[in-house]
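Going by this note's numbering, 132 is the number at position 86 of the sequence shown; the sequence numbering is gapless.
Careful: at least some of the hints might be erroneous.
Listed next, with one range per pair, are the computed distances between beta-carbon atoms [as the list claims (entries may be wrong)]:
{"hint": "1", "residue 1": "A145", "residue 2": "T123", "range": "33 to 41 angstroms"}
{"hint": "2", "residue 1": "Q152", "residue 2": "A127", "range": "25 to 33 angstroms"}
{"hint": "3", "residue 1": "M168", "residue 2": "F116", "range": "20 to 28 angstroms"}
It is worth saying that the hints were derived from the structure and are not from the lab.
Just so you know, even glycine gets a beta-carbon here, dropped at the ideal spot from N, CA and C.
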Amino acid sequence: MLRSAAVARWNIINSARLSASPLASSVNGGQVAERKLESALLPASSPLLSFLNTLQTSAVQRDIDSAAKFIGAGAATVGVAGSGAGIGSVFGSLIIGYARNPSLKQQLFSYAILGFALSEAMGLFCLMMAFLLLFAF
Numbered sequence: 047m048l049r050s051a052a053v054a055r056w057n058i059i060n061s062a063r064l065s066a067s068p069l070a071s072s073v074n075g076g077q078v079a080e081r082k083l084e085s086a087l088l089p090a091s092s093p094l095l096s097f098l099n100t101l102q103t104s105a106v107q108r109d110i111d112s113a114a115k116f117i118g119a120g121a122a123t124v125g126v127a128g129s130g131a132g133i134g135s136v137f138g139s140l141i142i143g144y145a146r147n148p149s150l151k152q153q154l155f156s157y158a159i160l161g162f163a164l165s166e167a168m169g170l171f172c173l174m175m176a177f178l179l180l181f182a183f
């Protein structure tokens, strides 16, 4: 009688744990066997077990996270196109300024190089953020 009560208690605890787990782990048969092994090794009120359950993410959550990562990286690469437009604008203005006043050639060129460097730096920062979003997070 005592043995059957212990078996019934064990079945109730395991079914409650299984129903509280995410859907993806309930569908996957390998993880169900892993859960049974985990529950056999850890007591029912183990703080480690409750901590492990809070760390689980479902397959849908991982898909949403990866989609957000790709959308963010795509949005960050738009700045690279803006950098190219900025560089074209800087050198276009250099040619117009040189055509209007050829005597300021050296001063106009130094300002153009400064504008080129700032525009290129912004493009590289955007590209760096895109790579960080893709590979670091």
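Comparing the hints with the structure gives:
| no. | hint | result |
| --- | --- | --- |
| 1 | A145 <-> T123: 33 to 41 angstroms | holds, 34 angstroms |
| 2 | Q152 <-> A127: 25 to 33 angstroms | holds, 31 angstroms |
| 3 | M168 <-> F116: 20 to 28 angstroms | holds, 22 angstroms |
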